[in-house]
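Number of protein chains: 6
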Amino acid sequence: MNSAVFDVLRKVTTATISTMLLKKGIRRCWMNGPKPLVPGGERLIGPAFTLRFVPAREDLATPESWSKPISTRSAIEAMPGGVIVVADAMGVSGAGIFGDILCARMQKRDVTALVTDGVLRDRAGVLASGLPVWCAGMAAPASVNGLTFVGWNEPIGCGGVAIFPDDVIVADDDGAVVIPKDLVEFVAHEGAEHELYESWVFTEVEKGAQLPGLYPPNEESKARYQQWRHSLD
Amino acid sequence: MNSAVFDVLRKVTTATISTMLLKKGIRRCWMNGPKPLVPGGERLIGPAFTLRFVPAREDLATPESWSKPISTRSAIEAMPGGVIVVADAMGVSGAGIFGDILCARMQKRDVTALVTDGVLRDRAGVLASGLPVWCAGMAAPASVNGLTFVGWNEPIGCGGVAIFPDDVIVADDDGAVVIPKDLVEFVAHEGAEHELYESWVFTEVEKGAQLPGLYPPNEESKARYQQWRHSLD
Amino acid sequence: MNSAVFDVLRKVTTATISTMLLKKGIRRCWMNGPKPLVPGGERLIGPAFTLRFVPAREDLATPESWSKPISTRSAIEAMPGGVIVVADAMGVSGAGIFGDILCARMQKRDVTALVTDGVLRDRAGVLASGLPVWCAGMAAPASVNGLTFVGWNEPIGCGGVAIFPDDVIVADDDGAVVIPKDLVEFVAHEGAEHELYESWVFTEVEKGAQLPGLYPPNEESKARYQQWRHSLD
Amino acid sequence: MNSAVFDVLRKVTTATISTMLLKKGIRRCWMNGPKPLVPGGERLIGPAFTLRFVPAREDLATPESWSKPISTRSAIEAMPGGVIVVADAMGVSGAGIFGDILCARMQKRDVTALVTDGVLRDRAGVLASGLPVWCAGMAAPASVNGLTFVGWNEPIGCGGVAIFPDDVIVADDDGAVVIPKDLVEFVAHEGAEHELYESWVFTEVEKGAQLPGLYPPNEESKARYQQWRHSLD
Amino acid sequence: MNSAVFDVLRKVTTATISTMLLKKGIRRCWMNGPKPLVPGGERLIGPAFTLRFVPAREDLATPESWSKPISTRSAIEAMPGGVIVVADAMGVSGAGIFGDILCARMQKRDVTALVTDGVLRDRAGVLASGLPVWCAGMAAPASVNGLTFVGWNEPIGCGGVAIFPDDVIVADDDGAVVIPKDLVEFVAHEGAEHELYESWVFTEVEKGAQLPGLYPPNEESKARYQQWRHSLD
Amino acid sequence: MNSAVFDVLRKVTTATISTMLLKKGIRRCWMNGPKPLVPGGERLIGPAFTLRFVPAREDLATPESWSKPISTRSAIEAMPGGVIVVADAMGVSGAGIFGDILCARMQKRDVTALVTDGVLRDRAGVLASGLPVWCAGMAAPASVNGLTFVGWNEPIGCGGVAIFPDDVIVADDDGAVVIPKDLVEFVAHEGAEHELYESWVFTEVEKGAQLPGLYPPNEESKARYQQWRHSLD
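Top line first, the protein sequences correspond to chains F, W, S, E, L and U. In this text, residue positions in the first sequence follow the working numbering: the first is 730, and each later residue adds one. In this text, residue positions in the second sequence follow the working numbering: the first is 730, and each later residue adds one. In this text, residue positions in the third sequence follow the working numbering: the first is 730, and each later residue adds one. In this text, residue positions in the fourth sequence follow the working numbering: the first is 730, and each later residue adds one. In this text, residue positions in the fifth sequence follow the working numbering: the first is 730, and each later residue adds one. In this text, residue positions in the sixth sequence follow the working numbering: the first is 730, and each later residue adds one.
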């Protein structure tokens, strides 16, 4: 994935991305659950690095399990810089998948962001770590209280959406969306055009224009937009 | 609805309004779902203007549908100034019913506020539009991803409450309530009295008074309150 | 409960407390529902004082019921200073168990905090009362709209957790946990040690250390930690 | 409660009972959750005997707890003949509150029926015990897996409805309703009349009559009904 | 809609219909909620006749409302023979939209079936009426306890699916699906072919054939199927 | 796993198995969701063979995907005889994971049973296939309508429980439980003893014995039980 495409996408809202994907028939791209822990931050983008949990079982989900070869600790050490980590916590709301220390380590490893349909713990410490987080809230108990970690970089579900390793994730104040890797170029190009068009519509609305015929545009509006569009070049 | 009554109601909390409606046997007046997008704003009031959605169907809920005569765009152009728009989105959490452009147009049309049991999209743009919004959150996808718009100014449900056109809506930090139009005068008058009484109780509590006998008042407290009440005239 | 133990616990996060309780086989200690009304406040601790509601029934849950001997008003007057009040509202989201006046009175009685799996009303007034609150949101209607108060200092459930009078409650930004009273000393002692250990790990991570072998520690890390630990004495 | 009133009520459907209670302003009388384990049985009636559970906590909810003075076993020995036991299991679906042995003992004690918003275990054994049961399903684990028993004959909630000891419970194929004890005579008398009226309407419908003007009746239908009604005496 | 197409569709399972609609990109056609009240009956088909409810409000949803011009009674008298009535009850589980009398009248009017995401009341009487029903369960209280009826033959949602008057409904043991009216011919033709193909596959499986290459078919299987297919003509 | 142990377990109810596992501290063993499609059948046992789904994505979950190497078809051909297949469908209620043909093929392959927290389709055909099924209901649409199949014999969650390949599954009228493979011998031995003890208790209850002191037993009851127990040898 070349960084130029990422630079384009960084200026395209997740709202617009989901509309571009709808043009390709894809309705299930927005994860229902993850919200920005700190709203108002910048839009982030990166290839997906997935984590998978199954429910806890008392003989498996113990503090001792944290030392096993398949552990969240090992997964973190396998994360390349620049990825957005997406964790399938099955929407479990009573077990924080990560706390301050693991977030701090991910930050050290240049992880771009953590996205999960589950919750985190140690709110103060997570904020202090500086790692951007999209999650479904906070809970005091550790992941072992409700979850068993079983692997990384497998296909997962997160917030009702399928995520495959190497899909691209974009997250902003409206939440997080996945772009199937084959559609990244299309979405970047079409999305950038769409943002330009919407910025023109917004200006028209500010001037007092009515919406029917403007958004979506009729032939006359299309012509006026094209005129404005060419004036930019 | 004369504006004097609205001016009185603007000083009555939604909490007090719901208690006044309970005196008339009405328990279902508070919409469970809509929350202020920006807490701490002023209390707003207006006649209800309703919007109705049904679920999406792939042959109906397309971007093309936005140009149809029955569309959210046409509905917006039909909104009189001063109304509070109430949108029945059936609590769908994965499709933003409106984004920045539609909110900006509603603001231009002097809509007082938008209330919905659904979600919006383009959080940054919606905030920039200045339109006061009570909703159940944010999602990136457009309404067509989960919803089909079918009409305006019909009876609807919103957050478990029935809303009819011309009912009166009041919204503040505790959410949004509906006042059936025949009860507006009653609620305004009784509500204002109740607020006065509660302000006196609050002062008494600040002085260290116990609650039993005071709130609700026994005969002695009623007499003391009446004395204070008359001293205001 | 001596205050020295409370002073120790005040420095132990609810995240750490839940991990210490897991060592004793207790997984159900964190209440799923109550969140801080104002995040970022200090951690609070106190013995539990419980309130119990059942569902509303129209012949019982009336404003008149507020004057009965078994009422929230009487319960408040029975609250000793320093307690954390835990109210079982069965997660009902449409009826505010308390508003500004009751919170103001609790504050006057030196109640440390109010924790509930239900909601409050009069958000502005509750904030003004200064009483620290952990709850599941806000609703305009009064408790009688959905709930009947039936007693205090009985065993209750709150957010999926059993609370008995005299259990100890700790609440911070990650929510609220209960410590069974027989385990308070254990949790305070082990928790304080664990916080110290985590602070050392955090420093190591800041220096760039990897997690496997460090968190949880292998023998070498344990030795290094003990060395650092002794250097503090 | 004299048995004559019970004999009348045994012929009144829970559907009709809920309509009679609505005339008195009571909407919350039908328990949402309990369903007949064996549909098609006869309608049952009895005074309520309540059981109360709170969530499990690992230090409390153990097999050992079954020997404690406050236990389901002791509660069963305190049940008078003829009661309908109503158990508040908070809708927990993963822990069977009773199995074959406890149901068999309740049957021996002439308990009329068991109603709960929770689930049972040992389906085959429960059926074999012959105790009529209204519940929300079946689960293999015992109550201690999710619940702690805390007392009997206290006010409880069950399926969103408040139940007080000595209220009257009626259960049939539509589920279970509570009649507040002060309204039992009213409901029996009005309900029997209503059943008679509905039987006449049903006959009219069978003959091909239209519903408007018949159900509810206009003046002409009222007169025709009265004529038929008097012909019965 | 000619009856020949209906006769073809009557032999196509709802499972196959949903697969045919998926070929046209339609995923939202099966109503999540309605189940057959009596499993094992025959498959039914008819044009949709819709009913719409909003939530109850105590000033609106009263027994008196049953006499109003816009009432379920009037709606029933407007139903043509052969329709399948689809009622949007918003999934409300505590208020039975219809009981024995209304079902008996619908049966008299030659209504083919009633489908709803809500519940019915008077289970015994509804069964006795003979009207085929797909619903989400049973409750004793009347519709006014939770619902207000607002109109018929409007677009509605039912079980997460949009239903428009004149769409075609098919219901069997797997539940109920809607076929948009423009797709009825396509679905009937393709569906009948698909049923034939599946019957051949089933026979092959009975003979011991493996699934890969057979279902879906590779070239060889397609050829063998065509041979068998032609042998039928 | 020798078949003798299986023969013992076949006589131990899932209720008793969950109680035996609780003795080992395991509370999460019963899957919340799967119910017998046909109640009243015999208890079944077998090693787990797992199937894993993630949510549908329109570019992945298509009828074409059924021909891919990683498909439910390939998974079925990999199933050894005697296994109990456990499918993680994430509780999705609107997409039937299997229909008549796939069930018929599994039956041909001597699969003992299918257990899932999702739903099936083609109810009539599935019943006709003879494959014993525990599921959460029925839906007409195919799995691709809501699910993407991603692999077999991986760790999964099902109904809130972790299942690993080679764990042992037991299913009866109370649902399905997992026995971690290391605990199978323990559960079989202790469970058989427990069933014997419960059969004695049941006889005592039939004779009119009270529960306290009997169940669980005090010293005197233990002695009487041992006497009876030895009389069997």
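Calculated from the structure, these hints are not laboratory results. Here the structure is a predicted model, which is why all the values come from computation and not from measurement. Check the hints yourself; a few may be wrong.
Put simply, identical chains are the same to the list, so a pair is met inside one copy or across any two.
[To be verified] Here are the simulated lysine-lysine pairs, DSSO-like style, with alpha carbons at most 27 Å apart:
#1 936 <-> 837
#2 797 <-> 936
#3 752 <-> 797
#4 764 <-> 951
#5 910 <-> 951
#6 797 <-> 764
#7 951 <-> 837
#8 936 <-> 910
Here is what the structure says about each hint:
With identical chains, the CA atoms of residue 936 and residue 837 are at most 27 Å apart between copies only, with a shortest distance of 9 Å across copies and 48 Å within one. With identical chains, the CA atoms of residue 797 and residue 936 are at most 27 Å apart between copies only, with a shortest distance of 24 Å across copies and 62 Å within one. Proximity of residue 752 to residue 797 under the C-alpha cut-off of 27 Å is restricted to the inter-copy arrangement: shortest distance 18 Å between copies versus 45 Å within a copy. Taking the shortest alpha-carbon separations for residue 764 and residue 951, neither the intra-copy value of 36 Å nor the inter-copy value of 37 Å comes in at or below 27 Å.
Proximity of residue 910 to residue 951 under the C-alpha cut-off of 27 Å is found in neither arrangement, the shortest distances being 31 Å within a copy and 33 Å between copies. For the homomeric pair residue 797 and residue 764, neither the shortest alpha-carbon distance inside one copy (31 Å) nor that between copies (33 Å) is at most 27 Å. For the homomeric pair residue 951 and residue 837, the shortest alpha-carbon distance between copies (23 Å) is at most 27 Å, but the shortest distance inside one copy (48 Å) is not. Taking CA atoms no more than 27 Å apart as the test, residue 936 paired with residue 910 passes in neither setting, with 39 Å inside one copy and 35 Å between copies.
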